[in-house]
Amino acid sequence: MKKSFLGNRTHLSDEMSLQITSMADIFIIILVFLLKSYSTGAMNLAPAKGMTLPSAKTDDLSVEALKVEISETAVQIEGQPIVDLQAFRFDGRDLQSNGSSIKLMKAIDIHRQRQLLIAKANSAVKVDPKIIILADQKAPYTTVKTVLASAALNGYTDFKLAVVKGE
Amino acid sequence: MSAVVSESSGKRGGACQDFEINIASIIDAFTVLIAFMLVSASYLSIGILDAGVAAAGIASNGNTPPSVNVTLEIVKGEKLVLKVTGKANNTINIEPKSGAADYVALTDHMKGLKSKWQDMNAVTLLADETVEYKQVVKTMEVLRQSMPVVLLGGF
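Chains V and B, in that order, give the protein sequences.
Heads up: the first sequence begins at -5 in the numbering used here, then just goes up one per residue.
Heads up: the second sequence begins at 3 in the numbering used here, then just goes up one per residue.
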């Protein structure tokens, strides 16, 4: 008779099951934490790739409004590129004497008209003057000013500047 | 995760009653779900700074306009110019301190104005064309400590 390799340990079950109950517990905790910290709002305010928002001490984000992004190469409305920029600057031919941009005015007007139509059809819906601006921290004020002027001329006068919450 | 069934059922008497729930598939589902959430989650905490437009009118408590209107201009080179118009007319130049805008002096001036003119509730912020947006936001943040409403102007 052969001697057992394990010496005194007489018998080991051939079927070995891995105890993964504790692992399941850990996963449940991670999942709950992730679900809690997950943004549940209808607004997705993640800035575009390569864009750095300025930081400031602010209130929580709890608004839903038209979203305008100003990056180094373009101005986007709701994620759609509207105007091309060259190193944060508008093309001179696109600018009007009142400081607004022709292309941007047109695009914002479409959103405004849509909002007016909805408000007309449904009395419970009111025309909203809010607009969220996500601008790169290096953008010159002249570019931001052009965007704000274009929005203000279309009735969007309540500016909400998106920033990274600081200490 | 195990359970023991106390009684045997039907004809299958004497079979092992100690069984284990197979949670391997649940672990698989959790792993996929956690991986997806980690990839798609945004860890940037975004907040909102309120800024009206100066042309739309300053929000006031009553019908009477405030005694003074205050305008702060950010000039290229980190210089700040505080202008008071109305019942008092005054221009205060706040020179930069060690290469950066002197926000401590700005806060002191704003607190002084606020205590002198209690009905003053808004300040209009202007900036040179080349001033970076970062500096505009920083100045707004400082102004909001002493003034509830900060409006953007210059257009």
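There could be a bad hint or two in this list.
Think about it this way: if two alpha-carbon atoms lie no more than 27 Å apart in a straight line, the pair counts; the simulated DSS-like pairs of lysine-lysine are [as the list claims (entries may be wrong)]:
#1 V/K43 <-> B/K136
#2 V/K97 <-> B/K136
#3 V/K139 <-> B/K81
#4 B/K81 <-> V/K114
#5 V/K124 <-> B/K136
#6 V/K159 <-> B/K136
#7 V/K132 <-> B/K136
#8 B/K78 <-> V/K132
#9 V/K132 <-> B/K81
#10 V/K61 <-> V/K139
#11 B/K89 <-> V/K51
#12 B/K85 <-> V/K51
#13 B/K113 <-> V/K159
#14 V/K61 <-> B/K136
#15 B/K89 <-> B/K116
#16 B/K85 <-> B/K116
#17 B/K99 <-> V/K100
#18 V/K139 <-> B/K136
#19 B/K116 <-> B/K136
#20 V/K51 <-> B/K113
#21 B/K99 <-> V/K51
#22 B/K118 <-> V/K139
#23 B/K113 <-> V/K97
FYI, nobody ran anything at the bench for these hints, they're computed from the structure.
Every value quoted in this text rests on a predicted model; they were computed, and no experiment measured them.
Each hint, compared with the structure:
1. V/K43 <-> B/K136: With Cα atoms ~18 Å apart, V/K43 and B/K136 stay inside 27 Å; holds.
2. V/K97 <-> B/K136: The hint holds at about 25 Å.
3. V/K139 <-> B/K81: 20 Å, holds
4. B/K81 <-> V/K114: With a Cα-Cα distance of about 48 Å, the restraint between B/K81 and V/K114 is violated, given a limit of 27 Å.
5. V/K124 <-> B/K136: The hint holds at about 21 Å.
6. V/K159 <-> B/K136: Between V/K159 and B/K136 the Cα gap is close to 13 Å, so the pair holds against 27 Å.
7. V/K132 <-> B/K136: 6 Å, holds
8. B/K78 <-> V/K132: Satisfied, since the Cα-Cα distance of roughly 14 Å is no more than 27 Å.
9. V/K132 <-> B/K81: 18 Å, holds
10. V/K61 <-> V/K139: At roughly 16 Å apart (the allowed maximum being 27 Å), V/K139 and V/K61 satisfy the hint.
11. B/K89 <-> V/K51: 33 Å, violated
12. B/K85 <-> V/K51: Status holds; Cα separation ~26 Å.
13. B/K113 <-> V/K159: It holds: about 25 Å lies between the C-alpha atoms, which stays within 27 Å.
14. V/K61 <-> B/K136: Measuring from Cα to Cα gives roughly 19 Å; hence the hint holds.
15. B/K89 <-> B/K116: 14 Å, holds
16. B/K85 <-> B/K116: Answer holds: B/K85 to B/K116 is near 14 Å, not above 27 Å.
17. B/K99 <-> V/K100: 44 Å, violated
18. V/K139 <-> B/K136: The hint holds at about 14 Å.
19. B/K116 <-> B/K136: With Cα atoms ~26 Å apart, B/K116 and B/K136 stay inside 27 Å; holds.
20. V/K51 <-> B/K113: 19 Å, holds
21. B/K99 <-> V/K51: With Cα atoms ~22 Å apart, B/K99 and V/K51 stay inside 27 Å; holds.
22. B/K118 <-> V/K139: 32 Å, violated
23. B/K113 <-> V/K97: Not OK: B/K113 and V/K97 at ~42 Å, beyond 27 Å, violated.
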